[in-house]
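Could you put the whole structure together from the sequences, leaning on the hints where they help?
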Amino acid sequence: TQLLEQSPQFLSIQEGENLTVYCNSSSVFSSLQWYRQEPGEGPVLLVTVVTGGEVKKLKRLTFQFGDARKDSSLHITAAQPGDTGLYLCAGEVKLTFGTGTRLTIIP
Amino acid sequence: NAGVTQTPKFRILKIGQSMTLQCTQDMNHNYMYWYRQDPGMGLKLIYYSVGAGITDKGEVPNGYNVSRSTTEDFPLRLELAAPSQTSVYFCASSFPDAGPGTEAFFGQGTRLTVV
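Protein chains in written order, with my numbering: chain A, 1 to 107; chain B, 1 to 115.
The set of hints was computed from the structure by calculation and includes no laboratory data.
Here are the computed lysine-lysine pairs in the DSS-like style, where the Cα-Cα straight-line distance is at most 30 Å:
hint, chain 1, residue 1, chain 2, residue 2
1, A, LYS94, A, LYS59
2, A, LYS94, B, LYS9
3, B, LYS44, A, LYS56
4, B, LYS44, A, LYS94
5, A, LYS94, A, LYS70
6, B, LYS44, B, LYS9
7, B, LYS44, B, LYS57
8, B, LYS57, B, LYS9
9, A, LYS56, A, LYS94
10, A, LYS57, A, LYS94
11, A, LYS70, A, LYS56
12, B, LYS14, B, LYS44
13, B, LYS14, B, LYS57
14, B, LYS57, A, LYS70
15, A, LYS94, B, LYS57
16, A, LYS57, B, LYS44
17, A, LYS70, A, LYS57
18, A, LYS59, A, LYS70
19, B, LYS44, A, LYS70
Away from chain B, derived, C-beta distances all over 12 Å, residues of chain A:
hint, residue
20, GLN14
21, GLU15
22, LEU19
23, THR20
24, SER26
25, SER27
26, VAL55
27, LYS57
28, LYS59
29, THR62
30, ALA68
31, HIS75
32, ASP83
33, THR84
34, ILE105
35, ILE106
Computed footprint of chain A on chain B, listed as stretches where at least three residues anywhere in the stretch have a Cβ under 8 Å from a Cβ of chain A:
hint, region
36, 32–45
37, 86–98
Ideal placement from N, C-alpha and C gives every residue a C-beta, glycine not left out.
See the structure below:
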């Protein structure tokens with residue numbers, strides 16, 4: 001089993017602040033994905049990273065894949081209430097998900 | 001496109017009862033997955049399938065069974081419901097042959113309560 005540990009588990013910050021969440025594993029992944037899930041819905045893909053060291057930007061969200069392809073981070077700049085949700089990383093073809101980070105942005 | 005469709009959306013079962021959660025996709029995806037999500041937690045893989053006639057266990061398969069007789073359908077069977085199976089169940093599908101990390105599409109979920 002390829003365990004994906006996410007941290008922090010919960011994060012509550014004020015609107016306008018920056019934040020980073022992490023996804024770590026002892027295993028090497030050929031790719032990692034980040035999903036966001038809103039209450040009552042299934043997860044929706046945000047981004048896929050496939051190359052060690054890769055950085056991808058999606059508006060105020062910046063995703064990085066570690067050089068060794070064992071970890072990834074998601075940085076949000078100037079968080080907004082619409083960013084509230086459960087953020088999940090996932091790896092490999094069997095699509096194993098991480099433990100999740102529940103993010104709350106306070107207006 | 002309907003995408004991934006799960007039925008029912010909600011169900012209450014008594015301990016020991018059986019039921020089948022239905023999942024169908026119309027995207028011709030070869031991979032399909034079943035997950036459970038407990039309150040405030042991430043998704044745990046129950047079973048997955050890489051194509052019709054092929055299924056394999058995930059992290060938490062005990063108490064569940066699956067079959068994949070067609071590309072479109074991937075039902076999940078609970079034989080003897082237990083309170084520990086109270087959860088939200090998600091079905092997903094993907095087409096990994098399209099390249100590394102291809103997107104998985106999820107259904108709306110089935111909220112199951114066992115009493």
